[in-house]
Structures are given as C-alpha cells and as structure tokens.
Amino acid sequence: MSLLKDASLPALTAGFVAVLISYAGPLAIFFQAAQSAEISNAMMTSWVWAISIGAAASGILLSLWLKVPVVTAWSAPGTALLVSLFPELSLGEAVGAYLSAAVILFVVGITGSFDRIVQAIPPGIASAMLAGILFQFGVGIFVALESVPALAIGMIVAYLVFKRLNPRYSLILLLIVGVVLAVVLEGASLRGVSIQLAEPQFIRPEWTWNATLSLAIPLTLVSLTGQFLPGMAILRTSGYDTPAKPIVTITSLTSFGTAFFGGITTVVAAITAAICTGKEAHEDPGKRYVAGVANGLFYLIGGTFAGTIVLLFTSLPGEFVAVLAGLALIGAITSNVSAFAARKDHLEASVITFIATASGISFLGLGSAFWGVVVGSLAYQLLHRPFVLSDRRKASAAGERQ
Amino acid sequence: MKHIEKGAGLVTAPRDFIRDLNADNLSAGLVAGIFGLSAGIIHISAGTAAGLPQEFTLLWVISYLMINGLFGLFLPAYYRLPLPMANSIPGALLFAAIIPVVGLNEALGATLMAGAIALVVGLAGWMSLVMRLIPMPIVMGMVAGILLKFGTNMVMPLQNALLPASVMILSFFFAARYLRRVPPLVVTLLVGVGYMALSGADFSSVTFSFKLPEFIMPAFTLEAFLAYGLPLALILVGMETPAGVGLVKGMGYKSAPANAITALGGFGTMISAFFNLHSTCIAAPMTGICSGPEAGSHDKRWVAAVIVGIIFVTAAPFYGFVFSLIEAMPSYFIAIIAGLALLRVIGSAMQMTFSGKHEVGAMFSFLIAVSGIQILGIGSSFWALVLGAGLSMLVEFRDFDFSRESATSRRSAASAR
Chain A
1 MSLLKDASLP ALTAGFVAVL ISYAGPLAIF FQAAQSAEIS NAMMTSWVWA ISIGAAASGI
61 LLSLWLKVPV VTAWSAPGTA LLVSLFPELS LGEAVGAYLS AAVILFVVGI TGSFDRIVQA
121 IPPGIASAML AGILFQFGVG IFVALESVPA LAIGMIVAYL VFKRLNPRYS LILLLIVGVV
181 LAVVLEGASL RGVSIQLAEP QFIRPEWTWN ATLSLAIPLT LVSLTGQFLP GMAILRTSGY
241 DTPAKPIVTI TSLTSFGTAF FGGITTVVAA ITAAICTGKE AHEDPGKRYV AGVANGLFYL
301 IGGTFAGTIV LLFTSLPGEF VAVLAGLALI GAITSNVSAF AARKDHLEAS VITFIATASG
361 ISFLGLGSAF WGVVVGSLAY QLLHRPFVLS DRRKASAAGE RQ
Chain B
1 MKHIEKGAGL VTAPRDFIRD LNADNLSAGL VAGIFGLSAG IIHISAGTAA GLPQEFTLLW
61 VISYLMINGL FGLFLPAYYR LPLPMANSIP GALLFAAIIP VVGLNEALGA TLMAGAIALV
121 VGLAGWMSLV MRLIPMPIVM GMVAGILLKF GTNMVMPLQN ALLPASVMIL SFFFAARYLR
181 RVPPLVVTLL VGVGYMALSG ADFSSVTFSF KLPEFIMPAF TLEAFLAYGL PLALILVGME
241 TPAGVGLVKG MGYKSAPANA ITALGGFGTM ISAFFNLHST CIAAPMTGIC SGPEAGSHDK
301 RWVAAVIVGI IFVTAAPFYG FVFSLIEAMP SYFIAIIAGL ALLRVIGSAM QMTFSGKHEV
361 GAMFSFLIAV SGIQILGIGS SFWALVLGAG LSMLVEFRDF DFSRESATSR RSAASAR
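Protein chains in written order, with my numbering: chain A, 1 to 402; chain B, 1 to 417.
Everything labelled a hint here was simulated from the structure, so no lab data went into it.
Be aware that a few hints might be false.
Stated by the list, open to error - Calculated pairs, EDC-like style, for lysine to aspartate or glutamate (alpha carbon to alpha carbon, straight line, at most 20 Å): (1) B:LYS357 to B:GLU396; (2) A:LYS163 to B:ASP399; (3) A:LYS163 to B:GLU396; (4) B:LYS254 to B:GLU5; (5) A:LYS67 to A:GLU280; (6) A:LYS5 to A:GLU283; (7) B:LYS149 to A:GLU348; (8) A:LYS67 to A:ASP241; (9) A:LYS245 to A:ASP115.
Claimed, not checked - Partial selection, computed: residues in chain B whose CB lies under 7 Å from chain A: (10) THR152; (11) LEU158; (12) GLN159; (13) PHE173; (14) GLY347; (15) MET350; (16) SER371; (17) ILE373.
To be verified - Restraint-style ranges between C-beta atoms, simulated for each label pair: (18) B:ALA328 to A:PRO167: 51 to 61 Å; (19) B:LEU198 to A:ARG385: 29 to 39 Å; (20) A:SER90 to B:ILE41: 37 to 47 Å.
The C-beta atom is built at its ideal place from N, Cα and C for all residues, glycine as well.
So that you can see chain B by itself, here it is in the shape it has in the complex (with noise of 0.2 Å):
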C-alpha cells in the first residue's frame, strides 16, 4: 500500500464541504452531473445497436450511476480534489459489442479481470512508469482530440436550431462580459431552460419508474478476457487514467493521486463486474468540467466532483424519469452546455498539447484522437496514445524524460571526468 498517496481524510469532509461550498463549484458539479446524467444516452444507443434488451440496458445505467456514483463520493472527498468518477465510454462501446458474442456473464468476468489488473498496477506504482513512457503532451493530444468533438457539437446545431443555439452561446459570451459575478455557465442553463419553456417543449412522455442495480455472478473464458478484458485494462490503465490525472494536473492539481486513482479505479470496476457494470474510473469529461476555472477558487473545486456523485446516487434509482425527461429535451441542449462548459479546457488542453516538446507525437495524438479510427476492434483513444509515443520515440527521442536524465547523467559523467 506504500504507493497510495495520502489524502486530508473522510472525517472533517462533510463540514469541509458546506464551508467550501459556492455558486461556482455548484454550478459546475450540477453542469458535470446533468453531464454525466446525459452519458446514459451512450450506453443505451450502444446497448440498443448491440441489440441488448431494454430491460439491461436500464439496469446498466442504473448501477453506473449508483456504483460510479458512491465511489465518486469518496475519491474527492478524500483528496479534496477535482476527481469525479464515473466509467468509460470507449470501454461501454465495447462492453456492449461484446455482450451477444460471449454472453453478458462471461463480458462481466472478463470485466473482473481487467480491474484486477489496474489495482495490481495502482498498488504495485507503476503508473508513473506509464505516465513517463506516454508524455504528458501526448496524453493532452490524446484529451484535446477527445474534448474537441464536444466542441464540435456545440456549434453544429446552428445547422438546424439556429434560434435557441444562438441565445444561448451568445448569452455565454455576454454573460461572461458584463455578469462577472454569476457564473455564464448559469446564466447559459437558465436561458435556454425559458427558452424551451417558452417555446413550448413537450414534457408529456415523462414517466416515473424506481429501480436499483441487481446482483449477477460473472464467468471466466480466456476468449471473453481477449477479446475484451484485455482492450479494457489497456483503455483503464493507459487511457482513462491519464488523461484524468493529466486534466487535472493540467488544472494546477500537481499532487492528483494517479496510483491511488488507478487502484481505486481498478477495485471499482472490479465490483462493478457484479453488478452488470463494465468499468469505475476517472471521467475526463467532467473532470474538466469540476477543475476547470468554471468550477471556481482553485482549493473548493473538490466540491463540484463530490455534488456530481450526490446527483449519481440520488438520482439512480430513478434513471428511468430522467433518461425520460432528458428525452424531452432537444438534443443540442445538452451539447450546447456541455461544450461551453469545456470550452476553456478545449482550449488549455491544446495549450498543453503544444507546448513546445514531443510537437509530432501530440500532433499524431490528436489527429489519431478526432478521427475515431477503430484497428483492431480498438477505439482510437488508445491508437492515439500508442502510436503518438511511439513515433515521437522515433523522430523526437531527445523531448523524452529519460533521455534526458541519461544524457545529463552522461555529461555530469564527463565533467567529473
């Protein structure tokens, strides 16, 4: 355990909490839990094109919210950091892929596995190892790429709903100029919520319904580890993980955790396996919503993240209402807020990106990231990582830590000389 960083601890954490509390992380924890609450969506148009029934796919999203939910309580809490917690869509892509191929047992077993092997990475420390290996310019290109499609569906709906899309980006900026003291993003919310309103959104297919998340015993086959646990630990280890940490050491958060993030990740995805759940992990998404400047005075960001994990649990159970109500929402609604909310991380990510070392592998990394190539049956995130670093291993091996430290070790070798 010598490798899991220490945090400031659980007992003061709920009185923590309502001193740090403020408009800012508020808004940006309702943002990233409205955020968050929308990622259903992913998995249930994935379960739906992997043909899954309805019946699981709600279960599914049931227990993402209350198991990433619960852990998203603790991690922050803990640290007093930025770390929301939730799952990974690349890895609910090919969770639900995989399911008809070697059943929904054997896809949690295999899911089991790949947890294990993120904590056994977590506990032994070997993830600044793989945080070496893969720069941080790399990683951020990799990050950058990713954001950069939610910024993209932020503008496309000028296409179609030019009215609604306008007021409510222009209410951003306006508000950003002459409202300093109330967050834009609020402002933002609240605009296109009397938008909708007033333009009459129809509100009548809203259901209620109450399910909590179900008990299932995974299986084991190497062919299901294979195909998918393997992919899984890799996108776990190599992918959610870093760009999280990298997000919020981004943010000025030099101390985040990355072994205890990994192990914990790692652990919860391990009991997510029992709960018809395919992974627990840091969100880059909403960890760029909860420690972005949007979120507020630097030290009480911490808070944004703990609200997202309260609006999880709470509203679990009742996901069914929401994924009801959120159909009732135009689409860009939530494309809109969400890529105002990242769009001054969008922006420090491709600051970091290009900051001057490793230029070709983070620029691979990013175009790699926002083509969404699949080889292999592996999503494009991974590809990003692996071939950014490994090309800029080929033409800019100078840019990279270690080879720095051997050639200053060279040189001090020579100067003793």
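Just chain A, with the same shape it has in the complex (with noise of 0.2 Å):
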C-alpha cells in the first residue's frame, strides 16, 4: 500500500501537531459556546465527537483522493458565533442551521461557484464582520483579568514569551502551563479526569427563519471568508493547485451528517493548515498527503475519547477557558482588523460593520453578526459603491464645465 510506503515521521508528527493546537486553542471557544447553552457533559462529549469525526472523515478521503494534505477542521468563527447566541437558540434550532448552512456550502461546491462568491464579498466587510465576532473574545482576557488577575497575567505572559520563543508550539506550551497555573493559583482539580468513550447523542432538528438568519447565513459567510478562503490559500501558496469544488463538497457532505450529533460545519483548516502543507511536514510534497491522513487519524482518536477532552476543560475554571480561548484568537483578530483597516476605500463600511458586529445587539431575535452584515452593506451600496447613476451625473457636470 502506498500510503504506507510514503508515511514519515515528520508528517505523522506535523498531523499530531495540528490536532492538538485545535483541541489547546479553538476547542476553548467551542466549550464557551458550551457553558451559554448551559448542556451537560454527555451532550458536550457529543459535541466533541462529532467535530473531531467530521474533520477525521473528511481530512482521511480528501488526503488520501487528491494525494493533497488537506488538513479539515471545524469553523472556529462560527463556533464565536455560538457563543452570543445561546442559550436563546434552542440545541434542535442550532442543528437545524448547521443542516441548512451545509446545504448551502454544498451548492457552492458541487456548482464549483465559490471563488466567484469570495470575490463577490468586499474584502473588508468580510474582515470587518469575522474581527467583529472574534473580538468578544480578545476582550474576554481582560474582563478575565480582573477576577483572576494572577492566572490571566500568567497566562499573557507566558503566551507572549513563547509566541516569542517558539511560535508553532506556543498554543500547546500555553496550554500546559494555564493548567499547572490553574492547579496551583486556582486550586483547580484534574482527580476528576479519566478515560472515558465518546457516545455520540442525536439531537432533533428544528428549523426557524430565525435560526437561518442569526446562525446558518453568519454560518455560511464566516465558513467561507474565515476558513476556505484561507486555508484554499495556504494550499496554493504551498504548491498544491487543488480545485476547491471537491474540498468544499465534501466538507459539506460530512458537515451534514455530523450535524445531527452537534457538529459544527467542517471547514478547511485556516490556524493549523500551514503545518501540514509545509516543509516540516516532508521535503517531498507528493508526500505530505500523509500528515493530512495522520491529522484526520488523530482526530478519530481525539473524537473517541471526546469524554476526556470534555471533562479535562470542565474542571479547570470558566476563566481559564476564557483566556485560552481569547489568546488563541488574538492573532485572528489583529490580521482581521488590521486586513479591513488597511482597505481605505470603504473604511467606513467596514468599520460600521465590525462596531454592529461586536456591539452584540439583538433584535427581531437576530443576532448581532447578521445585523453587522446588512448594515455593513447598506452602508457600502450607499456609500463606496459606484452608481451608474452618480457616474452620469459627473460626466454630466464635467461637461457643464466644459
């Protein structure tokens, strides 16, 4: 078998790498998400499960067809957007979303129509709405801070002395040390952590306008602009010119199944991608394939024993979670601000669109996310967009002045 003759371990490692920077930084978020729902450690579990199988199932066959390491995880914006939406949306209005925003990602696959969308959406607007949602969650460290100031200052600290010292495993590094500060700060208590199997748990779905709106659209547009746009990218600049019709298709095919089981859309990885399609992975690039079969496998084990993983972050403190997940996203954040900051010709759209955005206002029961969007665009269809009308006016006036 090929696949066999090709594995190495630089690409096993780098798969490993990858999966545990998603379950030290991104999970963080998914279990705040969690605790809004206010839902119990076995529906977590199931939660856990289904991420880490939907991205195992896909990551295996997309690796293994394309001969590509297609590294899948699960939407990290739209598990923010959860965050504010709970526990006003119900489990079952939730699941109805992710069925519906998987149908429309495998539209925009099967049709192979995604790079026309991307590029359809104004590049800051699509910042401006992610860095608004991620936001939230930067200035989630510091509201942390004044409850626990020795674990949070601890945790900055350290995060920034290994993001200094050694960037790749500074998520992982930071990890270990908030849980020893934890233990020993807090006085929180891992006797409770032990093995335990996954059992995945079916949720019934229900389907609202509401849900569509506030979840499934958001969903979709972070899915997209957030997670395939970047992690499409990070394939092409290293080397790979994969179609993104079959990555989105199937993605969405999994996303669809793991739904029922409350899993959030998979996606293209964006965070952990550049790990296993660089050169870390193998020197050969007809072989890093294997890291992305190796990442999927460690996320089937990763999702068989989601129980563990669940009880691990259910016994360090909320504020733990908190600083985690904020200090994993701080560097999404500052590449999104900065990205619609950058963009002068429609600053003000942009802007307008990120302070809906994190403003966190609900209305007509929709969250602040969609409301970012349409305010956002209304203002750059008034204000950026050229008319066809305004341009007849101006040649109308150049020529009055003629």
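Take each chain as given, in its own frame, and dock them per the hints.
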C-alpha cells in the first residue's frame, strides 16, 4: 500500500501537532459556547465527538483521494458565533441551522462557484465581520484579568514569551502552563479526569427563520471567508493547485452527517493547515498528504476519547477557558482588524460592520453578526459603491464645466 | 518657558474667526459642543452614584463648562488648531468616588497638586519623552478602544428604538451620498429633531435657572494625594494629553503643541481646584469631532474648537436649563449623533493603531481600553497605555524609536570602522 510506503515520522508529527493545537486553542471557544448553552457533559462530549469525526472523515478521505495534505477542522468563527446566540437559541434550532449551512455549502461546492462568491464579498466587510465576531474573545482576556489577575497575567506573559521563542508550539505550551497555573493558583483539581469513550447523542433538528438568518447565513459566510478562503490560499501558496470544488463538497457532506450530533460545520483548517502543508511535514510535496491523513487519524482518536477532553476542560475554571480562547484568537483578531483598517476605499462601511457585529446587539430575534452584515452592506452600497447614476451625474457635471 | 511652542497669537484671532467660519466647522463645533454639554450627564450620574448632593453636582458641571470653556476659547485661537478643552472623564469618575472618602476640600487639594505636576511636565518639555516611551500605535489603540464605545452606543438604540435610530443613521448615509454640499451630520441633526417634534417629545419638564461657579479653598492631605492626586496626574499626563495630541497629529496637524497643551492643562487644573472642578485638559472625543474630515477644510477646523468654547461659556450659567432639556430628548439621540460624528475618526484611529509597528502592544492596548477593567482603582485607559507599552517592549522592542536609533548609530559606528 502506497500510504505505508509514503508515511514518515515528520508527516505523522505534523498531523499530531495540528490536532493538538486545535484542541488546545480553538476548542476552548466551543466550550464557551457549550457553557452559554448550559448543556450537560454528555451532550458536550457528543459535540466534541461530532466535530472530531467530521474533521477525521473529510480529512482522511480528501487527503487520500487528492494526494494533497487537506487539513480539515470545525469552523472556529462559527463556534464564536454560537457563544452570543445561546441560550436563546435551542439545540434543535442550532442543528437545523448547521444543516441549512451544509446544504448551502454543498450547492456552493457542487456548482463550483466558490471563487466567484468569495470575490463578490467586499474584503473589508468580510474581515470586519470576522473581527467583530472574534473581538469579544479578545476583550474576554481582560475581563478575566479582573477576577483572576494572577492566572490571567501568568497566561498572557507565557503566551507572549512562547510566541517569541517558539511560535509553532506556543498554544500547546500555553495550554500546559495554563493548566499548571490553574491548579496551583486557583486550586483546580484534575482528579476527576479519566479515560472515557464518547457516546454520540442524536439531536432532533428544528428549522426556523430566526436560526437561519442569525446562525446559518453568518455561519456560511464566516466559514467561506474565515476558513475556506485562507485555507485554500495556504494550500495554493504551498504549491498545491487543488480545485475548491471537491473540498467544499466533501466537507459539506460530512457537516450534514455530523450536524445531528451537535457538530458544527466542517471546513478547511486555517490556523493549523500550514503545519501540514509546509516543508516540516515532508521534503517531498507529493508525500505530505500523509500529514493530512495522520491529522484525520488523530482526530479519530480525539473523537473517540472526547469524554476525557470534556472532563479536562470542565474541571478547569471558566476564566481559564476564556483567557485561552482569547489568546488563541488574538492573532486572528489582529490580522482581520488590520485587514479591514488597511482598505481605505471602504473604511467607513467596514468600521460600521465591525461596530455593529462587536456590539452584540440583537433584535427581532436576530444576532449581531447578521445585523453587522446588513448595516455594513447597506453602508457599503450607499457610501462607497459607484452607481451608474452618479457616473452619469459626474459626466454631466464635467460637461457643464466645459 | 523655552519648551512651550509658539502659536499664531490672539490679536487677529477674532477677525480670523469670522473669516474662517464656514458651514462645516460650524456644524462640527455645534455637534462637539452639544456632545460636551451632554457629557455633563456623566458627571451627574457619577455624583449621584457617589451620593454627592445635587447642588454640588450642578455647581461641578457649571464650573466644568465655564472654566474648561474659557481655556477652550484661548488655546485653539492662539494656536489656530482644533484643540477643544474639557475635563477628564476617568478623572471625573475618580473625583466623585473619592470625595466621600477624603472630603471635598482635600480632594480639590489633590487636584491642585496633580495640576502642578502636569504644569511642570509641560514646562520642562518632558511630554515628547513620555510620548516616545508610549508610541503612537499604542496610544491610538487606547483611543480607538475608548471611541469604540461611542460607536457601539450608536447601534445599540437599534434594539429598542428601531425606527428613529434607523431613520437618523440612514439619513446620514443618504446625505453623504447625495448631498455633497451639506454636511451629513447637519442633515441627521435636523432629521432627528424633526422626528422628535413629530413624535411629540415631552418638553414640560424643562425649567430655567441661572448659576455661576463658586470659590472654594482646597486642603492638603497625603492620603488624598496618593489615592486620587497621583492617579489624576498620570491620567492627565499619560493619557488625556497623548490621546488628544495623538488624535490631532493623526488628522494631519503635525505641529500639535504637546508641551503647551500639558502645561496649560496643568495650569487650568490648578485653577479648577478652586472652583469645585477636578481638571482641565484636551478632550479626546470632541477633538475627534473638531479635527476630523467632517469639520471641513483642514486649516479652518480650529474654528470648530473655538465654537465649542463659546457654547460652553454661554451655556454654563444656564446648565440647569440645558440639563432639563437634554433630559427631555431621548438618550439615544445624543448617542447616535456622537457615534456618526466619530465614525471616520474611529476608522482612522484603527488605521493608525494597526499601521504595522507595535502590533502586539497596540492590540493589547485596544482590547484593554475596550474591556473597561479597573486595577488598583485606576481605570482601563491608563492600563491600556502602561501594559500596552510594557508588552510591546517585551515582544517587539525593535519597533521603538530609541532602539532603532541605537541600532543605526551602532551600524554607522561599525561602517565608520
């Protein structure tokens, strides 16, 4: 079998590190969502199982099929969306929205319209919405600083030091230091953590307009612009000329399946993809696909023991999870804010998108990400988009002057 | 006095004021002035929260407008720059909270000392040193963080006053698009007032009164100085002045007189201490309105700041009346006007924050300022600067001016060899 022949230790390590980083950082956001939804440990386990299995199945399949290191994961900005929507949103409604998003993404994938759609969204508006969704997590670091100053300061300093010394492993090192600090400073006990096999729980989906507008549509948008777009860009800059069509299609299909067990949309990884597509994974680009497969296999293991992961996170203080999530996202917040701040041509519309999304407003039952896009697109249309009419007016004004 | 920057002088100021007055800076000045008047509500609520008597709180606000307004007439007119004066909002919250603990006269004594510190820093010309230690992206991160709240306050009314709020915000966008000649803010103001009149706002609670600032003798205690005077001095020197100067410089006024602003603020704060007032300093949000593109042509925006001073001094004795009028308008009215006025300023502040250098420090400064945390009784804007600059030194030291200077001097020394 060629897979065994191509397998190498660096590729396996790369896959393992990518999984570990996803569990160390972005998973903390999903736990915050679970906390705001006030669900049981068993349900949380099912969620973690579902996202891990979704990432495992799509990653292994795509990597083997395309012979390209396709690293998949769950939509991190999507989980960030959830935090502000729960508990008003019911679990069934959330699952219904996951299914709608999967269907939309499937259509995007099968028709091959990914590149066209991504180009149609003004880049400043997309970055501003992403920044607005992620922003509250960054602020959360300092809200925690007030209640648990020693833990928060310790983690911030550890993050900065690791970021400087070893950027690649900084999140994993931060997780370890954070756990030690939580045990020593806050008296958290890890005694309850034990090996547990996950038992997926079926959630009956419920379809509502509210959930479609405030979750499914923003989820699709942030998955496209915040995950697929940078993820595909990483693949392409690493020299893989892979079309988006099979990747978007397959991940949307796995998303559909795992949604019933609480798994949010499966997407191409953005934060961890570069680890498996670069030289560190293997000298020969043709053999790096093994890293993608390994990544999937380690997700499979993680999913199987999802109960243990949940126990680890739930035995640590909520502030720990908040600081960890915030620090894991600070790079993404900075790059998105810089991205829209640098687009001078539609800055006002971007700022108002950012403000409306970050404000956390909610009315008519719809969340701020939806209103951010609505207000932002309106401002974009009115303030920045050149109209045919104004062109004509300009032309006639020029005519008068002559 | 050698560190105090020279200005254009006051002799021709009244004539130039008339010459430079136009619709843009008039509307910006009006908006900033109304904004400043509405800031009195913060003082009133802080006073109420601390259990201070009503008469004192009214006197406090009247002094704020009268004394800050007088300094605000002088500074922009002398320098021909959009430098409106007001007082420190974090300082106001500290002041109201400390009075029940140390007593009013003692708190004012500490104010006097804080003013003296700011005056010395300004006269000695240390302001540029302070500003080099705390680089521009970090200061702007803090400013953007503070301003962001005005932005979110603008969209909040969409939740419970959807119709008037969206009418006002849309009128701004439409005016910006189709009425190039008329400042969009004026349109929004008129639309908003029109809407209130049509929807039948209740003006029956409006009452008339006349009051002037009253003299009071400060007293000095070490306790008041440590708990309030020192933090106030840090706020004035470390935050209010850099924020204001940073904003004005960001708007293209490179010659903003940092030392003079600090020194005059310090002197004004010392005078304030005798009239129930906690500070005089450059006001960041109003500076944003007066110095931004909304205020029209670049060299005439100083007029907007003078108009703020005129509004303050005129309105001061009648503030009891103004306050009851502001009370009659729904609270979101001012929030939306202020948010729209600051929209571009927030954008350019964020642009300067994330211009590339000091990225980590700037981001932390921004986040800390937004979070509104209090450590050791000192507010988030101070910590945004201190922690932002500290973390920046830790992870991106090479972005600091003095590190580059030392590197280039080392390099030139090496090449000389």
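Q.
For a C-alpha distance cap of 20 Å, please report whether LYS5 of chain A and GLU283 of chain A respect it.
A. Within the cut-off at roughly 15 Å; holds.
Q.
Let's test the interface hint: is any C-beta of chain A closer than 7 Å to that of GLY347 of chain B?
A. Interface hint status for GLY347 of chain B: holds (4 Å vs cutoff 7 Å).
Q) Does PHE173 of chain B pass the interface check with chain A, least Cβ-Cβ distance below 7 Å? A) holds (4 Å)
Q.
Hinted pair, alpha-carbon criterion (20 Å max): LYS357 of chain B, GLU396 of chain B. Please report holds or violated.
A. holds (8 Å)
Q.
Take the shortest C-beta to C-beta distance between LEU158 of chain B and chain A; is it under 7 Å?
A. Since the shortest Cβ distance to chain A is 6 Å, the answer is holds.
Q) Holds or violated: 51 to 61 Å for the Cβ distance of ALA328 of chain B and PRO167 of chain A? A) Cβ of ALA328 of chain B to Cβ of PRO167 of chain A: about 57 Å, so the range 51 to 61 Å holds.
Q | 20 Å Cα cutoff - pair LYS67 of chain A, GLU280 of chain A | A | Answer holds: LYS67 of chain A to GLU280 of chain A is near 17 Å, not above 20 Å.
Q. CA of LYS149 of chain B to CA of GLU348 of chain A, is that 20 Å or under?
A. holds (16 Å)
Q.
Just to be careful, I want the Cα atoms of LYS163 of chain A and ASP399 of chain B compared with a cutoff of 20 Å; is the pair within it?
A. Between LYS163 of chain A and ASP399 of chain B the Cα gap is close to 17 Å, so the pair holds against 20 Å.
(Q) Against the 20 Å threshold, does the CA-CA distance of LYS67 of chain A and ASP241 of chain A hold or violate the hint? (A) OK: LYS67 of chain A and ASP241 of chain A at ~11 Å, within 20 Å.
Q) Given THR152 of chain B as an interface hint, is the shortest Cβ-Cβ distance to chain A below 7 Å? A) Hint on THR152 of chain B: holds, closest Cβ of chain A at ~4 Å, below 7 Å.
Q) Is the hinted pair LYS245 of chain A and ASP115 of chain A satisfied, with a Cα-Cα distance of at most 20 Å? A) holds (10 Å)
No hint from the list above goes unmet by this structure.
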